[in-house]
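Quick note, the sequences are listed as chains Y and R, same order. Mapping of the first sequence onto my numbering: position 321 corresponds to residue 306, and the numbering continues sequentially without gaps. Mapping of the second sequence onto my numbering: position 94 corresponds to residue 79, and the numbering continues sequentially without gaps.
Treat each hint with caution, since some may be false.
Any copy, or any two copies together, can satisfy a pair, since identical chains are not distinguished.
In silico SDA-like cross-links for lysine to any residue, where the CA-CA straight-line distance does not exceed 20 Å [unchecked claim]: (1) Lys391 / Ala380; (2) Lys87 / Pro299; (3) Lys106 / Arg202; (4) Lys279 / Ser136.
Simulated from the structure, these hints should not be mistaken for laboratory data. For clarity, every value in this text was computed on a predicted model and none was experimentally measured.
Protein chains: 2
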Amino acid sequence: MTPSTHSFDARLLRKCLSALGNPPIRLVLANRAEAAPPGARPVATVFLPDRRALSSLLLHPEMAFCDGYSDGTIRVEGDLVALLDVVSRSMQHAHAGEWYLKLVSRWLNLSQNNSLRGSAKNIHRHYDLDVNFYRLWLDAQLVYTCAYFPSPDASLEEAQIAKMDHVCRKIQLQPGERVVEAGCGWGALAIHMAKHYGANVRAFNVSKEQIAFARRRAAREGLSHQVEFILDDYRNISGSFDAFVSVGMLEHVGTAHYAELAAAIHRAIGDSGRGLLHFIGRNFDRPLSPWIRKHIFPGAHAPVLSAVMKMFEPFDASVLDVENLRFHYAKTLEHWLARFERARDRVAAMFDEEFVRMWRLYLAGSEAAFRVGDLQLFQIVFAGSQCQHIPWTRAYLYEEERAHEKLSAEKETKWMHATSSS
Amino acid sequence: MTPSTHSFDARLLRKCLSALGNPPIRLVLANRAEAAPPGARPVATVFLPDRRALSSLLLHPEMAFCDGYSDGTIRVEGDLVALLDVVSRSMQHAHAGEWYLKLVSRWLNLSQNNSLRGSAKNIHRHYDLDVNFYRLWLDAQLVYTCAYFPSPDASLEEAQIAKMDHVCRKIQLQPGERVVEAGCGWGALAIHMAKHYGANVRAFNVSKEQIAFARRRAAREGLSHQVEFILDDYRNISGSFDAFVSVGMLEHVGTAHYAELAAAIHRAIGDSGRGLLHFIGRNFDRPLSPWIRKHIFPGAHAPVLSAVMKMFEPFDASVLDVENLRFHYAKTLEHWLARFERARDRVAAMFDEEFVRMWRLYLAGSEAAFRVGDLQLFQIVFAGSQCQHIPWTRAYLYEEERAHEKLSAEKETKWMHATSSS
């Protein structure tokens, strides 16, 4: 290697940094050529194997980085979340590789469409993975959506329970009411609504593994008479209900199918019911990362609020409340990622090292995206035009939250007393 | 009059009721022919002078009723709000007179456009009326927008103060911060923000009378150094601010000008500010009542949420919170209407009987519209992409509300003690 090759590589590295909007990171090539923007201290170092990797990074930064990180040819030293955070901040207003994103997005839209059959296939790829894998890093109840942390130092377990209560309070769930849930995961919320709010729940999901698991769980809890888990698509929801709930499914519906979802909701709750949609959204419309759609969530899309609001217009339904919980998803992902890292050897044994890197990247990238604001998390409460369940103010949500926390704290104290006296 | 004319009239009256969707009201002609739907007890009786009035009612029910009620040819016996409530419920799914509404709407859109000059003219017609008229039925601070009633039995005065505090808490207003207000009425909120939150406020309004009044008020309160009232359009907002607030102006902007308003907001608060929009909205898109636009609010439009959400998308701003307060506006209007009725003789002396009837109809019709859900009231909190003022949860809003109420209750108790001991 001559000094001039070295300086040529350094120039390429600087060009690459500049295409990324000059984030405070250090790029290093195998021949030790390196570059970092002047000023700010780099939050992490990215090691590239060769010029080919460097030129891929120049052409389509996101895909090239994610693929290289996954197959192990690109290495990162330092905090991965911090790296993805600064890069996504600096890239928000850079436009590197946009043509490539558009091209890949168009191809993915075609190959991963969310028809009845397409949805089943897309969902299968992610949610039918062995539940023992998810057990390694989710909370005890296996809730695989954004938690609600009444305070940032709540545990993940507490925050997932608080989220389920927040949802039930928002729709003012009453004993004996009938609820339909679209996209029920492993059944935690459906069971929570039955067990703690006395609701009769019919929960839909197209993931076979999740439905089978949820049914066993309901049976074990003696709730099979109160919670019915149905292996079917939201488009086939049947029955008439007081309330509709969907937590973390809208991302898999696709804007082309929102009218079908809206019609299914309206059929289910008519004009007198109410409901809640909880989903990952965005400030402005663009496709999700093609790497995520290719390897993690086929067919997924995070919509803007205006697209979701339009769902309610044909049915004269009212939007009662919208809450943005993006920092709660960043915190949730921080917990998941920490648990995932602690379990990384077991994950590697179940799958392989590439799988570990891919899922680490997905979790870290999502945490960064919620921190930066690239992704948002919305909860929308809505009500049919004749709904009689409209709270006067939202104060009761927080009174019940406080009462519940006080109760939990008292239980905790009693438990501690019992332990110390034994 | 022969029995057959009478039965012909009764048939016409029944046809008219049926075109209105058969609301539980009684229609009576001067010749004593009458009709009421079978079953439900009529909530009120409408007296029509002649067949001409009856046929107008058949052709374009809303305009004909409102014009006839205003000029005194159509009389109502019974509760006017209840009458308008049942008629607007039954008409939600009837479509009588739609062609007429469309035609008149098109004409009003042209003649009442919200250009710079058009807006000034439209606003002048309503808001430049003698402040002494508004004093007769608004609260002591002259807040002419939906109040926030922490509990339904709060007084109007308390509820308007609670609303201003709710707004200030939602944007987490801090001492020394700069706030711009678009559409400031007689200045109550701007002065509240300065006086109770230590903010520096620049408030815009195109109503000459309101600005003159607000300036005198700030001077009287010794706040002229902290609150600047500017007679100008929102499109001409200049300066750089921490927060943007607009309460009850969006209804006068018109969807054609939302992009201009959004650009003005973005210029004012950049990417790091936050703001609040409070406005009358609707579940689905359609023009406001032409009678209201012709006689009460020229150029007004109540938008759907999706149209307002789109305003934020080009600037990567996040929607943090949406609250629907429609029942609070119904309650506010109930207070206004009751005060208006108590002051009706003085209103008649200032204007005339027709004015009294028109404004009674406008207040009663608005109350009914919010009760029925024909109109909604939304508060949206938003933040720029780099905003650092994002609360962890919304619990603080209600803790401060409770603390404030407790404080007020204590003051009240002290005051009662002082009174009883004196």
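Hints, verified against the model:
no. : hint            : verdict
1   : Lys391 / Ala380 : both (17 Å within a copy, 15 Å between copies)
2   : Lys87 / Pro299  : between (31 Å within a copy, 19 Å between copies)
3   : Lys106 / Arg202 : neither (24 Å within a copy, 66 Å between copies)
4   : Lys279 / Ser136 : neither (35 Å within a copy, 51 Å between copies)
The structure does not agree with the numbered hints 3, 4 stated previously, though it agrees with the rest.
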